[in-house]
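J.: The residues making up each chain are set out below.
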Amino acid sequence: MQDKIRNFSIIAHIDHGKSTLADRLMQFTGALSEREMREQFLDKMDLEREKGITIKLQPVRLDYKARDGETYILNLIDTPGHVDFSYEVSRSLAACEGALLVVDASQGIEAQTLANVYMAMDLNLEIIGVVNKIDLPGAEPEMVKQEMENVLGIDQEEILPISAKLGIGIEEVLETIVAKIPAPHGDEKAPLQALIFDSYFDAYKGAISYIRLDCGELRKGDMIRMMSSGKEYEVIEIGVISPYMTQVEVLRAGEVGYMAAAIKNVADTKVGDTITSAVRPAAKPLAGYKEVKPVVFCGLYPLENNEFDKLRDALEKLKLNDASLIYEPESSDALGFGFRCGFLGLLHMEIIRERLEREYDLTLLATAPSVIYRILLTDGSEIFVQNPSRWPDPQRIEKVMEPYVKASIMVPNEYVGTVMELCQEKRGSYINIEYITPQRVLISYNLPLAEILFDFFDGLKSRTKGYASLDYELKGYEESDLVKMDILLNGEVVDALSTIAHKDKAYYRGRTLVEKLRKIIPRQMYEVAIQASIGNRIIARESVKAMRKDVLAKCYGGDITRKKKLLEKQKEGKKRMKQIGRVEVPRDAFMSVMDIESDK
Amino acid sequence: MLSCRLWILKVINNSATGIYIHVPFCLQKCSYCDFYSLPLQNGDSLEKYTKNLLREMEQQAANWENRQFSTVYMGGGTPSLLSPEQINIILTDLEHHLHILPQAEISLEANPATLNSDRLQELKSAGINRISLGVQSFRDEELKILGRIHGAQAAMEAVDDIIRAGFENFNLDLIYGIPGQTHDDWIYNLKMAVSCGPRHISTYLLQLDPCVALAQQIKAGKYKALSEDQEADMYYDALDCLINEGFHHYEISNFARPGYECKHNLIYWQAGEYLGLGPGAVSFRDGQRWMNKEIKSCPEITSQTDTVAVETLEIMNDRDRFVDAVVLGLRLTEGISRQQFMDRFGIDFYQEYHSIIEKFSREGILLADQDRICLSHRGYFLSNQLLAELL
Numbered sequence: 205m206q207d208k209i210r211n212f213s214i215i216a217h218i219d220h221g222k223s224t225l226a227d228r229l230m231q232f233t234g235a236l237s238e239r240e241m242r243e244q245f246l247d248k249m250d251l252e253r254e255k256g257i258t259i260k261l262q263p264v265r266l267d268y269k270a271r272d273g274e275t276y277i278l279n280l281i282d283t284p285g286h287v288d289f290s291y292e293v294s295r296s297l298a299a300c301e302g303a304l305l306v307v308d309a310s311q312g313i314e315a316q317t318l319a320n321v322y323m324a325m326d327l328n329l330e331i332i333g334v335v336n337k338i339d340l341p342g343a344e345p346e347m348v349k350q351e352m353e354n355v356l357g358i359d360q361e362e363i364l365p366i367s368a369k370l371g372i373g374i375e376e377v378l379e380t381i382v383a384k385i386p387a388p389h390g391d392e393k394a395p396l397q398a399l400i401f402d403s404y405f406d407a408y409k410g411a412i413s414y415i416r417l418d419c420g421e422l423r424k425g426d427m428i429r430m431m432s433s434g435k436e437y438e439v440i441e442i443g444v445i446s447p448y449m450t451q452v453e454v455l456r457a458g459e460v461g462y463m464a465a466a467i468k469n470v471a472d473t474k475v476g477d478t479i480t481s482a483v484r485p486a487a488k489p490l491a492g493y494k495e496v497k498p499v500v501f502c503g504l505y506p507l508e509n510n511e512f513d514k515l516r517d518a519l520e521k522l523k524l525n526d527a528s529l530i531y532e533p534e535s536s537d538a539l540g541f542g543f544r545c546g547f548l549g550l551l552h553m554e555i556i557r558e559r560l561e562r563e564y565d566l567t568l569l570a571t572a573p574s575v576i577y578r579i580l581l582t583d584g585s586e587i588f589v590q591n592p593s594r595w596p597d598p599q600r601i602e603k604v605m606e607p608y609v610k611a612s613i614m615v616p617n618e619y620v621g622t623v624m625e626l627c628q629e630k631r632g633s634y635i636n637i638e639y640i641t642p643q644r645v646l647i648s649y650n651l652p653l654a655e656i657l658f659d660f661f662d663g664l665k666s667r668t669k670g671y672a673s674l675d676y677e678l679k680g681y682e683e684s685d686l687v688k689m690d691i692l693l694n695g696e697v698v699d700a701l702s703t704i705a706h707k708d709k710a711y712y713r714g715r716t717l718v719e720k721l722r723k724i725i726p727r728q729m730y731e732v733a734i735q736a737s738i739g740n741r742i743i744a745r746e747s748v749k750a751m752r753k754d755v756l757a758k759c760y761g762g763d764i765t766r767k768k769k770l771l772e773k774q775k776e777g778k779k780r781m782k783q784i785g786r787v788e789v790p791r792d793a794f795m796s797v798m799d800i801e802s803d804k
Numbered sequence: 003m004l005s006c007r008l009w010i011l012k013v014i015n016n017s018a019t020g021i022y023i024h025v026p027f028c029l030q031k032c033s034y035c036d037f038y039s040l041p042l043q044n045g046d047s048l049e050k051y052t053k054n055l056l057r058e059m060e061q062q063a064a065n066w067e068n069r070q071f072s073t074v075y076m077g078g079g080t081p082s083l084l085s086p087e088q089i090n091i092i093l094t095d096l097e098h099h100l101h102i103l104p105q106a107e108i109s110l111e112a113n114p115a116t117l118n119s120d121r122l123q124e125l126k127s128a129g130i131n132r133i134s135l136g137v138q139s140f141r142d143e144e145l146k147i148l149g150r151i152h153g154a155q156a157a158m159e160a161v162d163d164i165i166r167a168g169f170e171n172f173n174l175d176l177i178y179g180i181p182g183q184t185h186d187d188w189i190y191n192l193k194m195a196v197s198c199g200p201r202h203i204s205t206y207l208l209q210l211d212p213c214v215a216l217a218q219q220i221k222a223g224k225y226k227a228l229s230e231d232q233e234a235d236m237y238y239d240a241l242d243c244l245i246n247e248g249f250h251h252y253e254i255s256n257f258a259r260p261g262y263e264c265k266h267n268l269i270y271w272q273a274g275e276y277l278g279l280g281p282g283a284v285s286f287r288d289g290q291r292w293m294n295k296e297i298k299s300c301p302e303i304t305s306q307t308d309t310v311a312v313e314t315l316e317i318m319n320d321r322d323r324f325v326d327a328v329v330l331g332l333r334l335t336e337g338i339s340r341q342q343f344m345d346r347f348g349i350d351f352y353q354e355y356h357s358i359i360e361k362f363s364r365e366g367i368l369l370a371d372q373d374r375i376c377l378s379h380r381g382y383f384l385s386n387q388l389l390a391e392l393l
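Protein chains in written order, with my numbering: chain B, 205 to 804; chain S, 3 to 393.
Be aware that one or more of the hints could be misleading.
[What the hints assert, rightly or not] Restricting the straight-line Cα-Cα distance to at most 35 Å, the calculated cross-link-like pairs of lysine-lysine (DSBU-like) are:
id : chain 1 : residue 1 : chain 2 : residue 2
1  : B       : Lys-753   : S       : Lys-221
2  : S       : Lys-146   : B       : Lys-758
3  : B       : Lys-758   : S       : Lys-193
4  : S       : Lys-265   : B       : Lys-769
5  : B       : Lys-773   : S       : Lys-146
6  : B       : Lys-773   : S       : Lys-226
7  : S       : Lys-298   : B       : Lys-758
8  : S       : Lys-126   : B       : Lys-758
9  : B       : Lys-773   : S       : Lys-221
10 : B       : Lys-769   : S       : Lys-221
11 : S       : Lys-53    : B       : Lys-723
12 : B       : Lys-753   : S       : Lys-226
13 : S       : Lys-31    : B       : Lys-775
14 : B       : Lys-779   : S       : Lys-126
15 : S       : Lys-221   : B       : Lys-758
16 : S       : Lys-265   : B       : Lys-767
17 : B       : Lys-723   : S       : Lys-224
18 : B       : Lys-720   : S       : Lys-31
19 : S       : Lys-361   : B       : Lys-767
20 : B       : Lys-767   : S       : Lys-50
21 : S       : Lys-126   : B       : Lys-749
22 : S       : Lys-221   : B       : Lys-779
23 : S       : Lys-226   : B       : Lys-779
[Claimed, not checked] Covered, in the sense of this in silico footprint (three residues per stretch, anywhere, with C-beta under 8 Å from a C-beta of chain B), are these stretches of chain S:
id : region
24 : 59-73
25 : 211-217
26 : 231-238
27 : 281-295
Treat the hints as calculated values from the structure; they're not laboratory data. Glycine is no exception: its CB is placed at the ideal position from the N, C-alpha and C atoms.
Extracted from the complex, chain B is given alone in its bound form (with noise of 0.2 Å):
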């Protein structure tokens, strides 16, 4: 039986049509009919299909009669393409022996697919290179080709040319996928050990595991255990999807499916987690879990105070679906109650903060986001800090350390030295330069965590007009010339405006961060005087000046109403802002902390 089965991975970069191909397989294979099609349909939320993006994968099980007249169990696994989620995607080819590296024939190989690939490779996938969009004028399929086959030693002869938009090519790929993917072979006797690659909320049934056997098998009504908590649960509803979720009796070594077990939380249902039968539990866990750690921080206020409760339910509810979301209450003088909340990634904390608004109808207010740092005191322990305000008096700090990464940026060789510049400014430190193709180049350095999470992303579009691609892997912590900096309005800190910066770098950023709140904060009753201060120390100042107009020159008879009505706009325009103290701040303020733009 398992010799019919096939598991495989899509690996993509954003828009090299991931989700187009998928459509066109579940298509070709009728798991969709004509009627059910609708673009990306494995993308569930609104989010990703709104941003053309995969963030949560979703696997499908497709029937496949091949031309040697046998029928085959292709399963796609779906994986997200963005470098935050690099852990699940781990996990998603770890539940596969194959992957399709879709590329882009006018594009190439991008830096987040090499690192993919490489991932893919290391856990000895079978690879099937597929050029995609062939059908667009810009496309260059050979010289895809050929950088495939440099970078990744591809058999170039072997790459399959499509365009999933068109259709073109499509049996090819489930063929290759049948003859070249190898089948699964896991010892369906042994005690079961089924690995989790992915996991959801449901209302009805609680937590949803995608998994994948690698040995035994699995019955409704099995009790099974959680090799990484020891945690037993009953077996209520096992399955596939194909593309909906169809109940099954038995899921064997070598399959996929889902499996509910009345489990009330998903962090109880973790990626990578081994599951196992409670009555005879294999030896080992599978190889390869490690806990997800968020890396980013940001304080996360409602505009309104009295939505704080509210804020606390939504939270709530995304974490049962997303177990890798962190949060804990905090208070900040100048923003009122709020959380403290932890992310995978920039990309992780837009998501998340978009949903909060969008799906439970909150405005928020975000912190620039901050890393990890790791103080060690004069007394001699050590501490992590990642809220500026926590940060203590600089009498007491031995030294700091913050977290690098190695961060990969793929170029056209001519955006070489604008890149290299772009590194450097952000205290990155060289370590090498690798041609993939005479045209494109890989470079590597050791780059401040901290310093990608400003602006580093924009940096590099704009001076390679949109030609980089970047990937990064946390690497560990370094000592750094880190101090707290401080934001004043009218002489009172305001503490969610405080940030770490590097001592080099402090002056700068003080300047650009006052002058910026300068044109944000609007003129008010009185002057308001605008400070940036290391400790005790003022680095800049600006003022805006007291506002001197706002009246209303004429009122009569004829256009009282009308005139109430701008007078009414103007009060619920006040409703947006934030009072801090005396002075009126608004919201986008606290995020243009953030973008401040890069050195020149």
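Following the hints, complete the assembly by docking chain S onto the known chain B.
T.: Chain S only, in chain B's frame:
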């Protein structure tokens, strides 16, 4: 400080009622104007308009028979486009249908281009006792930007004619903040206005609705709007200059020789009641504000036969009326009286607005004593900050 502003307006009767007559016709729309107006096509429209107005007065007579009117104000548009005979008929009929008090203030808004000595004599005989002259500026280049149909010379001549016709009580309207206008230009305009000897001067900041022609010309880069600071400087220049010349600054934008404050406009600011006649005119009575339907073109006037259709603008409960009176009353430099408001609305604004009054007093926008609150010198030009919070 508060008490010195008070002495003048005590004569004003709180229960005074006014009549506003809207004459929507203009020869040409000014580039800054967002008021309801119609381009006048021919004299026939004025004739029809007058007829309709007479019928409307007749219809309203019963509704307002228990009221005594202390003011009549003909505004527009350009009411001085009506012939003195037509105005005479209107005023005569008005007195016939409604109870107009003997000492009533009867104002006519006039464009300098539409006046001459003879007309003014006749207007005086018809019963007009106050002229409000739309001078706007004594500088031709400014008048041109404003799209006015007259020059500075015409304005001077009109003033002479007004005085010669024996109008003791006349007002000049001035606009400041015109693109290109300098401090000196504005002082010149103020001095010129004072030298004409008016009893009343209104100075209005040029505030443009985005849809008007001048706003679009500014947006297109043809003119450059003045800065907030320049505008504020000009406002306070006017205050300094006119107060120095002996004018009483009694409302944010209005100045008068003591005793010559515009009684009609005071009715608005004291939240008094008024009857509006003519297309687009607004009436206010028993907490309701309504507007006569606007006529969109001259030919439409002829088709009007029946009762004037009205659109309700506001229906206010007791509290709304109180708020309305607060917001309007604070435009007056004398401010509002706690005792008067208690008597009139049964609401103590000190209690109602305790924290707002405290905040704005602290910021130096508002002055308060035992009985009164009023805007400070600095507060006049920042009044929206306060008024928006009082709503």
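J.: Each hint should be assessed against the structure and marked as holding or not.
T.: The hints, checked one at a time:
1. B:Lys-753 <-> S:Lys-221: The hint holds at about 20 Å.
2. S:Lys-146 <-> B:Lys-758: 22 Å, holds
3. B:Lys-758 <-> S:Lys-193: Holds, at roughly 22 Å.
4. S:Lys-265 <-> B:Lys-769: 26 Å, holds
5. B:Lys-773 <-> S:Lys-146: Status holds; Cα separation ~33 Å.
6. B:Lys-773 <-> S:Lys-226: 26 Å, holds
7. S:Lys-298 <-> B:Lys-758: With a Cα-Cα distance of about 24 Å, the restraint between Lys-298 of chain S and Lys-758 of chain B holds, given a limit of 35 Å.
8. S:Lys-126 <-> B:Lys-758: It holds: about 28 Å lies between the C-alpha atoms, which stays within 35 Å.
9. B:Lys-773 <-> S:Lys-221: Judged against 35 Å, a Cα distance of about 23 Å means the pair holds.
10. B:Lys-769 <-> S:Lys-221: 24 Å, holds
11. S:Lys-53 <-> B:Lys-723: Violated, at about 57 Å.
12. B:Lys-753 <-> S:Lys-226: Holds: Lys-753 of chain B and Lys-226 of chain S sit about 18 Å apart, inside 35 Å.
13. S:Lys-31 <-> B:Lys-775: Holds: Lys-31 of chain S and Lys-775 of chain B sit about 32 Å apart, inside 35 Å.
14. B:Lys-779 <-> S:Lys-126: 53 Å, violated
15. S:Lys-221 <-> B:Lys-758: 23 Å, holds
16. S:Lys-265 <-> B:Lys-767: 21 Å, holds
17. B:Lys-723 <-> S:Lys-224: 26 Å, holds
18. B:Lys-720 <-> S:Lys-31: Judged against 35 Å, a Cα distance of about 42 Å means the pair is violated.
19. S:Lys-361 <-> B:Lys-767: 23 Å, holds
20. B:Lys-767 <-> S:Lys-50: 32 Å, holds
21. S:Lys-126 <-> B:Lys-749: Cα-Cα ~51 Å, so violated.
22. S:Lys-221 <-> B:Lys-779: 28 Å, holds
23. S:Lys-226 <-> B:Lys-779: 31 Å, holds
24. 59-73: Coverage by chain B is violated here, the residue count being 0 at a Cβ distance below 8 Å.
25. 211-217: violated (count 0)
26. 231-238: Check passed, 4 qualifying residues.
27. 281-295: holds (count 6)
Comparing the model with each numbered hint stated earlier shows that hints 11, 14, 18, 21, 24, 25 do not hold.
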